[in-house]
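With chain A fixed as given, assemble chains B, C and D onto it according to the hints.
The chain contents come next:
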Amino acid sequence: MTWLTLLMALPLAGSLAVAALPKTNEKLVKQTALATTLIVMAATIAMALGFQRDNVELQFVEKYSWIPFFGINYALGIDGLALVLILMSTILAPVVVLAGWNESHGGRWSVKTFYILILVLETMMIGVFAATDVFLFYVIFEAMLIPVYFLIGGYGTGERSAAAVKFLIYSLFGGLLMLASIIALYVMSGAQGGHTFDLAALSSLEMSSTTQDLLFLGFFIAFAIKAPLWPLHTWLPDAAESATPGTSVLLLGVLDKVGTFGMIRYCLTLFPEASKTFTPMILVLAVISIIYGAILAIGQRDLKRLIAFTSISHFGFITMGIFAMTSQGHSGATLYMFNHAFSTAALFLVGGWMISRRGSSTIADFGGLQRITPVMAWMFFLAGMSSLALPGLSSFVSEFLVLVGTFTRYPAHAVIATCGIVLAALYILIPVQKALHGPTTPGNENLSDLNLREKIAIAPVIAIIVVLGFYPSPLLKVINPAASHVIAQLGFNDPVPTNGSK
Amino acid sequence: MMSSHSLVYLIALPLAGAAILLLAGRRSDKWGHLLATGLSASSFFLGLYQLSLMLSRSNEQRPVGQKLFEWISVGTFNIDAGLMLDQLSICFVLLITGVGTLIHIYSISYMSHDPDRRRFFAFLNLFIAAMLLLVLGDSYLNLYVGWEGVGLASYLLIGFWNQKLAYATASKKAFVMNRIGDMGLSFAIMIAFATMGTVSFTGVKAAAEHTSTAALTAIGIMLLLAATGKSAQFPLQAWLGDAMAGPTPVSALIHAATMVTAGVYLITRSNFIFDAAPTAQLLVVIVGAITLMFGALIGTAKDDIKKALAASTMSQIGYMILGAGLGPVGYAFAIMHLLTHGFFKAGMFLGAGSVIHGMNDEVNIRKYGALRKFMPITFATFGFGYLAILGVPPFAGFYSKDMIIETAFNSGGIKGIILGSVTLLGAGITAFYMTRVMILTFTGTSRWDEEVHPYESPWLMWLPMAILAVGSVTSGYLLSHGNALVNWLSPLFESHGEHDEFLPPMVVSGLALAMVAIGVAIAFLKYSRSDVDAVAPSDVSIFTTIARQDLMQDRFNEAVFMRPGQLLTSVLVKTDEAIIDGAVRGVGRAAMGTGATLRGVQSGFVRSYAALILIGAVALIAAIWVVVQ
Amino acid sequence: MNAANYLYLSAMLFTIGAVGVVVRRNAIVVFMCIELMLNAANLSFVTFSRINGDLNGQVVAFFTMVVAACEVVVGLAIIVTIYRSRRSASVDDASLLKR
Amino acid sequence: MVFTAPVLNYTLLSPILILLAGALIGVLVEAFVSKALRSITQLTLTIGTLVLSLAQVWKIRNAQSTTAAMGSVVIDGPAILLQASILIIAIISVFVIADTDHFTALAAALPGSDEERHAVQTGNQVTEVYPLTLFAISGMMLFPVSSDLITLFVALEMLSLPLYLMAGLSRRRRLASQEAALKYFLLGAFSSAFFLFGMAYLYGYSASVTFAGIRESVVGGSGNDVLLLIGIAFVSIGLLFKVGAVPFHAWSPDVYQGAPTPITGFMAAATKIAAFGAMLRIYYTVFANAQWSWSPLLSAIAVITMLFGSFVAIAQRDVKRMLAYSSIAHAGFLLAGVIALNKAGLDASIFYLFAYGVATVGAFAIVTLVRDSAGEVTDLNRWKGLGKRSPWVAATFAGFLLAFAGIPLTSGFIGKFSIFSAAYESGAKGVVIVGVLSSAIAAFFYIRVIVLMFFTDPVQDGTSVEIPSELTRIAIIFSIVVTIALGVYPAPLLDFITNLAIFIR
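So the protein lines, in turn, are chains A, B, C and D.
Going by my numbering, the residue at position 185 of the first sequence is 579; the numbering climbs one at a time, nothing skipped.
Going by my numbering, the residue at position 459 of the second sequence is 1167; the numbering climbs one at a time, nothing skipped.
Going by my numbering, the residue at position 82 of the third sequence is 127; the numbering climbs one at a time, nothing skipped.
Going by my numbering, the residue at position 55 of the fourth sequence is 150; the numbering climbs one at a time, nothing skipped.
No wet-lab data here; the hints were simulated from the structure.
Where is the CB? At the ideal position from N, CA and C, for every residue including glycine.
One should not assume that every hint holds.
Said to hold, decoys possible - One side only, chain A facing chain B, incomplete, derived with CB under 7 Å:
#, residue
1, Ser721
2, Val791
3, His831
4, Pro891
Unchecked claim - Label-pair ranges, simulated between beta-carbon atoms:
#, chain 1, residue 1, chain 2, residue 2, range
5, C, Leu141, D, Gly525, 34 to 42 Å
6, A, Ala556, D, Gly143, 47 to 55 Å
7, D, Val128, C, Ile61, 44 to 52 Å
Unchecked claim - The calculated lysine-lysine pairs, modelled on DSS-like cross-linking and capped at a C-alpha distance of 25 Å, are:
#, chain 1, residue 1, chain 2, residue 2
8, D, Lys479, C, Lys143
9, D, Lys438, D, Lys524
10, A, Lys417, D, Lys479
11, B, Lys913, B, Lys775
12, D, Lys483, A, Lys417
13, B, Lys872, B, Lys1075
14, B, Lys1075, B, Lys1234
15, B, Lys1081, B, Lys1234
16, A, Lys849, A, Lys421
17, A, Lys421, D, Lys483
18, B, Lys775, A, Lys871
The following block holds chain A by itself, in its conformation from the complex (with noise of 0.2 Å):
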């Protein structure tokens, strides 16, 4: 079974076909994108239908030899957590093509160049999280920054080429750092019986607590900056702020996750003690992101920054239950980050609909809509009350299982964290009053409610959030073997009820 470069393969194919097609026909243009995403999430729900949930060794498994001269293979695998990333991605794209349909318009490019590189960008999506071989995720991981630099760049607004290149940079930079630890790692795997990127075999490799150390923060550095948590963040709000709805949605929804990923895949597994030594200050750093994040959210004056300052904190949640080292964490982190992908996406498009309907991104020029545009209101109403984890919506069950997961090994972090609730309480409802409530300010008296196509676009995302709050077990079952695998792994179990008595 090649279902993995299968999944690559079709995005892929189909930027080619759309680069076949002339520049002038912008709809055939989009309509192939479309159809492509979607055969993709067919795909690949087709894929997960065949998975075995209680298996929890890698699946779909692929290898070909890539590079012998060093021992790098072309290595797909996924276990849970990978497929839960995957079925994330690949939903998300064609709701992104479609909710974005209009927004490759004000480009440096033309359309046909906007879908190219979306597509381009999915197959590496795939890529990422099915690899298995540390030097392919690797290239993948830095190849992914490309199309992602001309998407903010080519098409976003306001400082765009500015925030690209920040984005690049801080990525380049990470980037490096770990390719130092990739080839520390390949160079200790040639003196212990062969050189190799194999994951399994790295991570059985003999070395000294301060190597491991060091290396560990190679990747460690790396990924903090992908999944941005404090103090290496400044470079998201200035994307999220310049690029368009849909890019915004697939960096903070698919590509930041990498991050978080890799924290798992790599950090975890390759240097278990090492992460075991770190710990304690991650954690602190994240519930730093998440209060400051939630804090700074509220600071914000521009709608886009929110947003991205939202993220910052909730991916402060995230890393906190990867390190909190519970299977209630474990899973808890897994299942926010396909989550908050979709509350993001939910808050994002619908906010980038208010932007280009009003002209403006900031939130003080907005006001009354909910009269106005009453449906618009309602989504962006629901995206938030998701985004601050209203029981119900998906997003509680992930931030709660993370809060439990926690505090049942590290009470005092929990304990903070939850503070960030009422936080969140206030970045939403802050906007929400602003751009929703009150009179309607003028500009905004005949803006246009969602149309048919926007909401077909948004809906799936709404069902997604609605659904998963009150049933989210499909989506456990999946994550958990995996997760609890992972803590097995480091040799941690759950902490078992004291009923006080300590």
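Only chains B, C and D this time, still in chain A's reference frame:
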């Protein structure tokens, strides 16, 4: 526990209503309100049916449960979407759906002129569903869902007219302050899971016995925090007054009869924790005592009829909380007062609504007066509610409130005396401000503007008022007749036998009535003799001013939380820009600078290049020299 | 006489030449300094060949002279072109390209 | 005294001999063929010679001999690889050079003089650049294969002298071009003096001019270390000068900028291969056992070179100078391969040299296309919006820049990875760390150029992109294809290299 299959419909029906009305949109404008009312009513009848089933079973057999599906399950953290209906929850189910339905009916007419009536009914149904989930959930986490669900509904309904910015702000305030409470609830859940490994009511109850007092106390205090948020108790009471921004039926249903009593439910539901955590229990009592005085004092100064009622709600819930804090003996009475209060306060709010309705949305009681003639029915129903809240026998309040006062006295020692006197004093003040409202609204001379033409509300509005009035008259007697409610609930609370009586019941009732009489008397002297001026006098004692400003609660919050918070925010925003991002940009600039400086080496003169090579050579030789030595 | 002295001499010549390159402005003179350095190297070669007692060093010396001659050809060609177009043989005048 | 006639293995020397022959014929062509046919004749001759020589190299790819020319030349795997690389680079460079518009019609004529103008009008284009190129190439071919000091020195001059002249052949900005020639010449001669002096001391140390002989004494450790060290130091200066390592780099920015762009490309790519080839041979075979003495110094120089190149490149406004400094940085990376002193390091260096060379020629070829009425436009500010004007050219250039920056899926990344991993394996962790950091700095300015081309709006100043001549187009396409291919699927080349690249002694 017996399992039932029909519990879910209690919630499903109104939830479906909300969903249909919201999704169908304008299409359902014509019939939306009818559907909503019908669903709420049917949910009520389902409740009655469940009650009948329950009555047909023996005490132990009465609780029934229903497991819907596995909700969250990770490692040992397993939460089912499960419901539980027992003697306690059935009381709430009936109260919520019963009063709820009445208010649906009332609103049909009250909101008939509002273009968004359908949306209003959708929210009402949403609220009913969430509130039912709150009282039916079989674990703290399920309760949590309902808990925030009612918070959401309340937010939406307070802000129903959010085109008025003040109203939008009020709704936001309510939501945020509630969230602080919710934080307490989630803490409680986390501690429970960490210490007992379960969060279901039955599980926690079982585990509570062999759990350290410290843990239980922590849980208890956190639950109390949650309760203070939802039930507008001290120190999280500030939102309730502003919440009156919502349409009056909302105030009646959510901010008087049902949602605000959720805190009482939570505490009684968690009796097994509080019984084992005396410290937490003591805190409950203290909070209750403070709030009942707090509310009462605010009530004395309010000219906005709804705000006055809100203050009284706050104070009455203070009574309930206090009652619930008195342990096994108190729980039942707290619930009883909760139920009776549900009737008379809802009734009075609806009355207030009908008055406002008849007075062109005028809410200032100073601009009322002599409405008795114009709105006889409203006057009558409001009057019954008035008598009930005063606790005049045989009206409902008499039974429930006296029980609490009595239990307070009997709680023993100095504590008993203090609590007892506080509750007594509270009763007196209540009598004063309610009488004030009564007089200024219905008696005396008319003070309204000439274009106002008061009229009695249509039957759709007065019918619910009437029914509630009947409740305010009879409910007390019915519930306490032969200790009906106490016995009904007794299986849930383990009672520690009878307390020694500090004061005999008769004495307590006597004292209470005396206090009430004094309160009424003062009010009469102050307001019905001399004419009241339509604008609030400004030359008033400092106490009045403070009371008018809700005892400075908002000022306090502003000074202590809001301003510093805003300051912190702006500072952090600047820091992020200047320092963190500045550092990043600094690195970039440093690199640029280095490059620009090093460029200087490239002077363009070939001789300097040669010199460079020469220097390099010399350096190498020097290095070698070092190596060799 | 000790052959080492010739090495010192050649080292001195080399240094003089190197310094000359750095301090003199006239392209021709600079070039001559370089020739001096080459010949210093030659002297070393010859000396070493004397010390080592084989002929290789001397052979190298011959090759060097040939190469040096070629260098002169190319070098003078370039210098003369520059001189013709600039009317100056000062190497410091040729500093268009910098930074 | 009896002279024994030298025994030469002509097959093994043929690649070089063919080139020399071609060059000499070129001189004759220059003298006798009519000006109408001259260019085309020269071009065909040159290409033909190069292809022939390449074929010859291919034929002898498995040969191994130390006695090809009485022990003065050694033909082995690395030699073959380096010579092949040089020839391939040379061919595509000649494709670019073929666009004679870059070269002065009459080098002898005064800038702006009547005779020059006349020469241009009558199309009386002298084409001495072709034979010069061939001479230079033959020198480059000889440099890495020479195995005694004399051959080494001669080869050095053979490759240098023609380049000095070629640097001065630019048609436009002739003063700058001549200045470049002058600087290159003076400094080149200066450094070769050091080189020669160092050679003398090596000879003094080992009483031998052959690498084998010197190596023996180094291994034996007999003899005066001071002589050896001075010898190593001064020889290194000569080599480091050619590869442009700090502080011996100063010539390269000026020369790169002043020289005709096609020549710059050729020089940057081919000279590096030749010089590093020789360097690898000398350090891996001759000085290997004295590693203790030079390894630290070379590491220091490598570190300084990487950082200096990257930092100064950030501050450049001229694309050719920017590329010059970037090539300095790359020299630093390549030094890491020399320091590694292991098989992996050798393989990596050879791969890197080839990959970098191809990309460099391609990049400079694109620079030749961006012009206005007064010739090439190298001021970066006038490259603004190139992506709008001619997306394909800009995209290709971006591709080369990404390769220089070492972004995955380009040859540059594989090269960096292999060379750093080799260095790390040999324990030069510090060099690797600095290398990684300076590549981060380097990314900075490569990306700046991409931003200029794609994310800033064009300025209307007559800057336009020439339609490339067929040959130039072929060169560019070849370069970009190779650059990408080596990034996506380098396995075949790497295997080929690793099988061949073994020094014989």
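Cross-check of the supplied hints:
no.: 1; hint: Ser721; verdict: holds, 4 Å
no.: 2; hint: Val791; verdict: holds, 6 Å
no.: 3; hint: His831; verdict: holds, 4 Å
no.: 4; hint: Pro891; verdict: holds, 3 Å
no.: 5; hint: C:Leu141 with D:Gly525: 34 to 42 Å; verdict: holds, 39 Å
no.: 6; hint: A:Ala556 with D:Gly143: 47 to 55 Å; verdict: holds, 52 Å
no.: 7; hint: D:Val128 with C:Ile61: 44 to 52 Å; verdict: holds, 48 Å
no.: 8; hint: D:Lys479 with C:Lys143; verdict: holds, 23 Å
no.: 9; hint: D:Lys438 with D:Lys524; verdict: holds, 17 Å
no.: 10; hint: A:Lys417 with D:Lys479; verdict: holds, 24 Å
no.: 11; hint: B:Lys913 with B:Lys775; verdict: holds, 19 Å
no.: 12; hint: D:Lys483 with A:Lys417; verdict: holds, 15 Å
no.: 13; hint: B:Lys872 with B:Lys1075; verdict: holds, 23 Å
no.: 14; hint: B:Lys1075 with B:Lys1234; verdict: holds, 17 Å
no.: 15; hint: B:Lys1081 with B:Lys1234; verdict: holds, 22 Å
no.: 16; hint: A:Lys849 with A:Lys421; verdict: holds, 19 Å
no.: 17; hint: A:Lys421 with D:Lys483; verdict: holds, 23 Å
no.: 18; hint: B:Lys775 with A:Lys871; verdict: holds, 19 Å
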